[in-house]
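Asks: Please take these sequences and the hints and turn them into a complete structure.
The listed protein sequences correspond, in order, to chains A and B.
full-length UniProt numbering numbers the first residue of the first sequence as 1 and each following residue consecutively.
full-length UniProt numbering numbers the first residue of the second sequence as 1 and each following residue consecutively.
Simulated from the structure, these hints should not be mistaken for laboratory data.
Where hints are given, some of them may not hold.
[Claimed, not checked] Heads up, simulated DSS-like pairs for lysine-lysine below, C-alpha to C-alpha not over 27 Å straight-line:
{"#": "1", "chain 1": "B", "residue 1": "K124", "chain 2": "A", "residue 2": "K74"}
{"#": "2", "chain 1": "B", "residue 1": "K118", "chain 2": "B", "residue 2": "K72"}
{"#": "3", "chain 1": "B", "residue 1": "K106", "chain 2": "A", "residue 2": "K74"}
{"#": "4", "chain 1": "B", "residue 1": "K72", "chain 2": "B", "residue 2": "K117"}
{"#": "5", "chain 1": "A", "residue 1": "K87", "chain 2": "B", "residue 2": "K106"}
{"#": "6", "chain 1": "B", "residue 1": "K117", "chain 2": "B", "residue 2": "K106"}
{"#": "7", "chain 1": "B", "residue 1": "K72", "chain 2": "B", "residue 2": "K150"}
{"#": "8", "chain 1": "B", "residue 1": "K106", "chain 2": "B", "residue 2": "K118"}
{"#": "9", "chain 1": "B", "residue 1": "K64", "chain 2": "B", "residue 2": "K106"}
{"#": "10", "chain 1": "A", "residue 1": "K74", "chain 2": "B", "residue 2": "K72"}
{"#": "11", "chain 1": "B", "residue 1": "K72", "chain 2": "B", "residue 2": "K124"}
{"#": "12", "chain 1": "A", "residue 1": "K87", "chain 2": "A", "residue 2": "K32"}
{"#": "13", "chain 1": "B", "residue 1": "K106", "chain 2": "B", "residue 2": "K150"}
{"#": "14", "chain 1": "B", "residue 1": "K124", "chain 2": "B", "residue 2": "K64"}
{"#": "15", "chain 1": "A", "residue 1": "K87", "chain 2": "B", "residue 2": "K150"}
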Amino acid sequence: PLDVAEEPKSTQYSGEIHPSGKFIVLTDGLGKHTTVELSEPLDEEISGVIEVVGRVTNQATIMCASFVQFREDKSAFDLELYNEALKIIQEFHEYFPFGTGMNT
Amino acid sequence: MHKGWTVSPAVTVPCPSQRSRSQNIVPCTVSQLLAAEQVDETFRICDVEISQVTVVGIVRHAEKAPTNILYKVDDMTAAPMDVRQWVDTDEAGGENVVVPPGTYVKVAGHLRSFQNKKSLVAFKIMPLENMNEFTTHILEIVNAHMMLRKNLMSASRVPQSFSSTGISDMGGYRGGGSLPVNGLTAYQSQVLNLIKSCHVPEGMSLQDLKQQLHSMSMPTIKQAVEFLSSEGHIYSTVDDDHYKSTDAE
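Replies: See below:
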């Protein structure tokens with residue numbers, strides 16, 4: 001099991017916000033779902049690609065520390081390509097190191 | 001001896017350097033920059049010399065001072081890095097607008113270290129308009145570091161054969177289409193093969209050759225270089241210490 005402190009996970013908002021606004025269910029480019037718990041409830045609707053930085057819990061959900069929305073006003077973000085890039089940096093981790101104290 | 005200049009999008013050559021210096025702009029992660037070792041004036045990441053770098057990350061903090069803007073840029077491979085952009089005080093505004101926190105940017109600049117703390121001095125900070133550039137940067141980092149390390153490893157082995165793949169479009173003196181094996185001594189062949197295997201734009205320096213060719217003395221290397229240059233097999237680049245092959249592999 002991965003013990004990751006702060007791993008950026010880029011996932012696409014699938015349109016499912018819990019009524020409280022505190023949880024979002026995200027879908028990555030491969031059809032997998034992840035529940036993200038926000039530190040504060042959302043005060044407005046969001047859509048598109050967001051990048052979540054947070055901690056993976058024992059229940060394989062993400063406790064969100066912060067998130068950022070990728071701008072797509074000029075070009076759509078290619079999420080599948082991004083996931084391919086993630087696989088490459090995992091495979092060639094010697095050329096893309098993450099900070100000390102983290103296991104990826 | 002004919003001097004040629006190599007210009008490609010990834011290379012800036014502001015002036016001839018007296019010392020062997022990488023003129024590439026290398027895409028890096030902040031973690032790689034922090035791990036770079038400093039020897040005198042140069043930085044190295046796993047023996048690859050770096051000076052000008054690009055980093056893509058999100059602005060976490062921006063502080064404007066009269067002469068500069070200090071950003072903290074976070075690419076999540078390590079703690080946010082200090083990026084300083086000098087403000088041109090003569091310009092009537094516009095040119096140096098502070099990028100707001102929360103914006104993804106691509107930074108091009110020089111790596112610096114002061115009192116063991118690394119930072120970047122940026123000559124260009126561009127907000128990303130297309131977030132696919134973020135993905136591209138990730139791929140470019142892996143590619144660049146892999147290729148740079150491979151070049152260092154392959155240059156240390158003397159190639160057994162050299163190909164004649166045609167004339168390279170490098171703007172230097174153009175030698176013949178194919179190189180005769182005859183007519184070159186063993187020393188000259190060795191030096192030429194090493195220079196041919198170097199893909200760095202500014203070419204191979206005499207110091208690099210001396211490092212790789214333990215059996216050859218510097219005068220012998222210089223003689224070989226002079227002969228090869230006069231015959232048109234190689235040409236000098238940034239200065240008389242750096243050479244590239246006229247036949248690219």
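Asks: Hint by hint, note whether the structure agrees.
Replies: Hint-by-hint comparison with the structure:
Of the pairs offered as hints, the one joining K124 (chain B) and K74 (chain A) holds, with about 21 Å between alpha carbons and a cut-off of 27 Å not exceeded. For the hint linking K118 (chain B) to K72 (chain B), the alpha-carbon distance of about 12 Å falls within 27 Å, and the restraint holds. Restraint check for K106 (chain B) and K74 (chain A): the C-alpha separation of about 17 Å stays at or below 27 Å, so the hint holds. Annotation: proposed proximity of K72 (chain B) to K117 (chain B) holds, straight-line Cα distance about 13 Å (limit 27 Å).
A threshold of 27 Å between alpha carbons decides the hint, and for K87 (chain A) with K106 (chain B) the separation of about 22 Å falls inside it, so the pair holds. The straight-line distance between the Cα atoms of K117 (chain B) and K106 (chain B) is roughly 21 Å, inside the 27 Å bound, and the hint therefore holds. Distance restraint check for K72 (chain B) and K150 (chain B): the Cα-Cα separation of roughly 32 Å exceeds the 27 Å cut-off, and the hinted pair is therefore not satisfied. For the hint linking K106 (chain B) to K118 (chain B), the alpha-carbon distance of about 18 Å falls within 27 Å, and the restraint holds.
Distance hint between K64 (chain B) and K106 (chain B) is fulfilled; the C-alpha atoms sit about 19 Å from each other, no more than 27 Å. Between K74 (chain A) and K72 (chain B) the CA atoms are separated by roughly 26 Å; this keeps the pair inside 27 Å, and the hint holds. Our distance criterion of 27 Å between C-alpha atoms is met by K72 (chain B) and K124 (chain B), whose separation comes to about 15 Å. For the hint linking K87 (chain A) to K32 (chain A), the alpha-carbon distance of about 15 Å falls within 27 Å, and the restraint holds.
For the suggested pair K106 (chain B) and K150 (chain B), the alpha carbons sit about 26 Å apart, so the restraint of at most 27 Å is met. Only pairs whose Cα atoms come within 27 Å are accepted, and K124 (chain B) paired with K64 (chain B) is accepted, the gap being roughly 16 Å. With a C-alpha separation of about 21 Å, the suggested pairing of K87 (chain A) with K150 (chain B) holds against the 27 Å cut-off.
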